[in-house]
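Student: The residues making up each chain are set out below.
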Amino acid sequence: MSQKSGKGAGAGTKVPVKGKKGGKKVEDEREETLQAVILADSFETRFNPFTLETPRCLLPLANTPLIEYTLEFLAMSSVADIFVYCGAHTEEVERYIQATKWYPPNSIASPFNTLEIVKTTARSVGDALRDLDARDLITGDFLLVHGDLVSNLPIDQALAAHRARRTADKNAIMTIVLRDEGLEPQREHSKGIAPVFVLDPTNNRCLHYEEMHPLQANKYVNIDPDLVKENTEMEIRTDLIDCGIDICTPDVLALWAESFDYEVPRRHFLHGVLKDYELNGKTIHTEIIENRYAARASNLQSYDAVSKDVLERWTFPFVPDSNLFAGQSYRYGKGGICKENGVVLSRTCNIGKRTILGKDTRVEEGSKVSSSIIGRRCTIGKNVTIKESYIWDDVTIGDGSTVERAIIANKAIVGQKSHIRPGALVSYGVHIDGNQEVKGSSRITRAKRRKNSIEEEVPPDPKIVGETGSGYAFEDKDEVSDDEATAFHSTLIYSTAHLNISTESISTISSEISAPSPATSRSRHSSFISEDSESCTNEAFHHDAVEGLLGTLRENGDFDSAKLEFMGLRLSNNATDQQIRRAIAVAFTKRISQLVENDKLDATKAAAQAFGVSGADRFIKNVAIGDDGSEADQVDFIYRLQKDLVHRSNGAMILAAVSQRLYQMEILEEKAFLKWWGESEGLGEGEDDGMKAVRGKTKVFIDWLEEAEEEDSDEDEDDDESD
Amino acid sequence: MPYLDTFLKALKTRPLEWSIENLISGLKRRQIRTTMSCVIATAELLIVVIARSKMRSAEELLIEIQEVGQRLIEAKEMVVGNIVRRFLRMIRDEADEDRNDDVRDSNFAASYAVTKGTPLQNSLFDLFSASNPPQPTDTGRSSPQDQSNINADAEALQAEAVDAGQEILDEVKQSESNIAGYAPEHILPNETILTHCHNRIVQRFLLKAAEKSKFSVIVIESHPNELNGSDDVDAAAFLKSLADAGLTVISTTDGGSWAMMPKVDRVVLAARAVGSNGGCLVSVGGPSVAGVAKFHGKPVIVLCGVHMISSADQIELESMIEHGSPESIVGNTGGLPPNHDVETILQQYLPPHRINLYITNLGGYAPSYLYRLVSDQYSSKDSNPRL
Numbered sequence: 001m002s003q004k005s006g007k008g009a010g011a012g013t014k015v016p017v018k019g020k021k022g023g024k025k026v027e028d029e030r031e032e033t034l035q036a037v038i039l040a041d042s043f044e045t046r047f048n049p050f051t052l053e054t055p056r057c058l059l060p061l062a063n064t065p066l067i068e069y070t071l072e073f074l075a076m077s078s079v080a081d082i083f084v085y086c087g088a089h090t091e092e093v094e095r096y097i098q099a100t101k102w103y104p105p106n107s108i109a110s111p112f113n114t115l116e117i118v119k120t121t122a123r124s125v126g127d128a129l130r131d132l133d134a135r136d137l138i139t140g141d142f143l144l145v146h147g148d149l150v151s152n153l154p155i156d157q158a159l160a161a162h163r164a165r166r167t168a169d170k171n172a173i174m175t176i177v178l179r180d181e182g183l184e185p186q187r188e189h190s191k192g193i194a195p196v197f198v199l200d201p202t203n204n205r206c207l208h209y210e211e212m213h214p215l216q217a218n219k220y221v222n223i224d225p226d227l228v229k230e231n232t233e234m235e236i237r238t239d240l241i242d243c244g245i246d247i248c249t250p251d252v253l254a255l256w257a258e259s260f261d262y263e264v265p266r267r268h269f270l271h272g273v274l275k276d277y278e279l280n281g282k283t284i285h286t287e288i289i290e291n292r293y294a295a296r297a298s299n300l301q302s303y304d305a306v307s308k309d310v311l312e313r314w315t316f317p318f319v320p321d322s323n324l325f326a327g328q329s330y331r332y333g334k335g336g337i338c339k340e341n342g343v344v345l346s347r348t349c350n351i352g353k354r355t356i357l358g359k360d361t362r363v364e365e366g367s368k369v370s371s372s373i374i375g376r377r378c379t380i381g382k383n384v385t386i387k388e389s390y391i392w393d394d395v396t397i398g399d400g401s402t403v404e405r406a407i408i409a410n411k412a413i414v415g416q417k418s419h420i421r422p423g424a425l426v427s428y429g430v431h432i433d434g435n436q437e438v439k440g441s442s443r444i445t446r447a448k449r450r451k452n453s454i455e456e457e458v459p460p461d462p463k464i465v466g467e468t469g470s471g472y473a474f475e476d477k478d479e480v481s482d483d484e485a486t487a488f489h490s491t492l493i494y495s496t497a498h499l500n501i502s503t504e505s506i507s508t509i510s511s512e513i514s515a516p517s518p519a520t521s522r523s524r525h526s527s528f529i530s531e532d533s534e535s536c537t538n539e540a541f542h543h544d545a546v547e548g549l550l551g552t553l554r555e556n557g558d559f560d561s562a563k564l565e566f567m568g569l570r571l572s573n574n575a576t577d578q579q580i581r582r583a584i585a586v587a588f589t590k591r592i593s594q595l596v597e598n599d600k601l602d603a604t605k606a607a608a609q610a611f612g613v614s615g616a617d618r619f620i621k622n623v624a625i626g627d628d629g630s631e632a633d634q635v636d637f638i639y640r641l642q643k644d645l646v647h648r649s650n651g652a653m654i655l656a657a658v659s660q661r662l663y664q665m666e667i668l669e670e671k672a673f674l675k676w677w678g679e680s681e682g683l684g685e686g687e688d689d690g691m692k693a694v695r696g697k698t699k700v701f702i703d704w705l706e707e708a709e710e711e712d713s714d715e716d717e718d719d720d721e722s723d
Numbered sequence: 001m002p003y004l005d006t007f008l009k010a011l012k013t014r015p016l017e018w019s020i021e022n023l024i025s026g027l028k029r030r031q032i033r034t035t036m037s038c039v040i041a042t043a044e045l046l047i048v049v050i051a052r053s054k055m056r057s058a059e060e061l062l063i064e065i066q067e068v069g070q071r072l073i074e075a076k077e078m079v080v081g082n083i084v085r086r087f088l089r090m091i092r093d094e095a096d097e098d099r100n101d102d103v104r105d106s107n108f109a110a111s112y113a114v115t116k117g118t119p120l121q122n123s124l125f126d127l128f129s130a131s132n133p134p135q136p137t138d139t140g141r142s143s144p145q146d147q148s149n150i151n152a153d154a155e156a157l158q159a160e161a162v163d164a165g166q167e168i169l170d171e172v173k174q175s176e177s178n179i180a181g182y183a184p185e186h187i188l189p190n191e192t193i194l195t196h197c198h199n200r201i202v203q204r205f206l207l208k209a210a211e212k213s214k215f216s217v218i219v220i221e222s223h224p225n226e227l228n229g230s231d232d233v234d235a236a237a238f239l240k241s242l243a244d245a246g247l248t249v250i251s252t253t254d255g256g257s258w259a260m261m262p263k264v265d266r267v268v269l270a271a272r273a274v275g276s277n278g279g280c281l282v283s284v285g286g287p288s289v290a291g292v293a294k295f296h297g298k299p300v301i302v303l304c305g306v307h308m309i310s311s312a313d314q315i316e317l318e319s320m321i322e323h324g325s326p327e328s329i330v331g332n333t334g335g336l337p338p339n340h341d342v343e344t345i346l347q348q349y350l351p352p353h354r355i356n357l358y359i360t361n362l363g364g365y366a367p368s369y370l371y372r373l374v375s376d377q378y379s380s381k382d383s384n385p386r387l
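Chains as they are written, first to last, in the UniProt record's numbering: chain A, 1 to 723; chain B, 1 to 387.
The reader is advised that the hints may include incorrect statements.
Taking beta-carbon pairs under 8 Å as the criterion, some of the chain A residues facing chain B (in silico) [unchecked claim]:
1. 108
2. 291
3. 312
4. 317
5. 323
6. 347
7. 349
8. 353
Don't read these hints as lab results, they were simulated from the structure. The beta carbon of each residue, even a glycine, is placed where N, CA and C say it ideally should be.
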């Protein structure tokens, strides 16, 4: 079946022409073997609690370990050498792969020449790739894929296009395979972070890449004006599903090696390389597919989405009844039911459409199963209802229970008349007692908890699993500080109920978000900073400015030179006064909260240290407030500080300390403080809870100011009288 | 067929086990799709299995082929199973021939010994008369000369089997042109022929007939075409080749078959798999065209190679129908709404009473007569679908 090429007609015509040009060379190079690198672990914790005990790539999707899909895809692409990189659970992945048909040493039937599991201490994708570069294993073009890829795409066309481009131009280093999601947003569409690709449709070149975050204040992509000048045509697309298939030349590894700070392939590497086009001249192209399937099960929501796609057979031929995985014996029956041998269904049970049942699973009388995947050797009791759920192997579900939109892992037991609500995750071996209700947000595990690198058993929590059950609610300490809003990924059901993503007033960039953010009221006082001025903030300016100032603060550098830099940045980005104030406020609060958190400094001392940097007072006075020092600007600056501190821990303490400090340094005047306080108080019920909480601690300071003023005015009066 | 080419290339150099696994994965991943390439790959593989076999008797060879065949059949039933059974039958025949020669040579004493149940040492007769043949070497009474005799016989059998396997392969490869060769007998000048989809055999059949006479062809299009995929040629190429041959070509949708049918003289379809009951699997939409033809009393001709005919009945044929991705029907919509089901069957069953004639590479047969071909081709011992 021939692939229809990308969007523009240009794509269709350009590629073959190029192919012909480099035709002879391509012919010569056809003999060269194709290599592939699988990132079996993407160094994230999105599948917790399941990944506490099993590596992500071995989690079953439609009763087949995820990595099998990836390996099948690579076998279909005639890849010769494969290098597998994994972070956590390396031994387990190694043991698993060595036992499969793929591992060349113990099976002459493997289609691969080599399959190597690379042991590494890498903590990120960047580390892994730099390690790969150091090992010198890659000799030619290679495919970079993730261990959770499910795809039936024949890579030949994209590969041929890539090779043609590469022979024509040495700088065409990478081809990204993207899937057009068509008219409607697809299930796999990343609901958390939306990638934005800026493409040149005439030659499929990727010009710019950014990620949009749902919590992001503004929905703007910042395109370099030069790009607009150089390219007559441009497509800005958010409808592309990034399936994580990259065709790379070895130069890609060299680039990774050069940039030590790159950690993730898209947000860092792709964005960085494209940004530095002027510098290194490397180009990255895309191949957009429209009529084949490719997707990653990269988080629980996409796991759900890809599982549904398998049930609906979009992944054909990678469907259970192809029996690709050794030892499977699925048959596709009427109504979309896939059954393995030895399934026992009672006479009165009702197996709905789009269901997969593994070997030796029993479904007792009166039970209803629909749109679900049930693993091997499971026992489903009487009158059980299972809907849109993923039940792995050896699970027992007691009579009269209901399971809806949940994942239940191996060997878990659900007692009689229990209810597993939508979104619940029940991990390995958990025993849930009878008559329990498992809430939708719960994640229950039995894994040993790691505390200061000592593993310890956690006693069962009877509130959650019942009197005789075992398991406790899993909480991830890292998650809260995780810079990618993990809350989006670690739940099975995408829900924004607990996150307020619609407000435009959360003016932090994605890296600063600590979920869950407070609900922000939209009814704001009219005299406050207008929303418009804020929503057109220039995100790139903000980011660069904050980074620059932070650097100065950290190194205790000189603010006079920083000021020059800052003003330059301001001019080049045409930033408004509001933006400048915001950037400065964010930089200082960030630094202070860092000092408080990392160096365990007192908030007052931290504020003193931050503002004590030489030239800082003048800088704030001149740049942030403006030379005339108008009251409105001062009030605005306080608001900026307050708003940023809402998201920080100890925000209230810091705000109090900062206010005091700025007053002492005579940067802000008492009138401004009082006006700010008055306006905030004036909001009453309409004020945001977070904002209110943050300014709570400052009340003492304001009271003191008020008293001082009263005294002042008393004195004035006295003076008047004396006059 | 790039996968087939690389497979055949590797077949000569790679270990056998690798080739078997590779073919199985190729079949499962649908990288080898068309009936013809499935058949060729299977036949080539089985020839290599025979050639590399270290067997010492026909029984051992049969077991070996059965084991490999079993694995292939699990990957893809239809034509692969037919070819495996053809090979099994062929080996049985070769062994029978040898035995007949031996029986003629053997003396009375030998036959007498068999009736008494004592194993023979100087003949291969025992190998085929007992289901679990006693090994001459195991008895410990064999002389070195007998041993070499057996080896020589086995080698001869091996060589004969490879040759016979090659014949099967050649027959399969020529089947399309053989079928096309019958075309002039069935298509007369100025007739109107109706066909469904763009099958390769039908194309060759019509083009062959066009050499003798000029006629009109009505091509019924079904959407989505790619569903009917694997044995089809590109629609535009199909129509163009017919037009270039000087035929009058009319394309219409499958809804138009009812209106067109009165003008039609014959309906020509191509089968994917044929059962011994005379029913067959055809492209999706084919049965409805055949139904219209039946209503109007027009003859329906189905083209198939003999290798497509199996002992399967209707239920077995229907269980072989593949279900593909819904993408070809609803497009790239990204998931179906909960109450929306898409049945993406890739073949459809055409019952025997809708078919008037099968044209195979061995000539024309009525559907009711196909069982004869089945019993000619396959041994009843191999009729078990799971071998």
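Student: Broken hints, numbered, in rising order?
Tutor: Result: hints 6 and 7 break, sorted rising.
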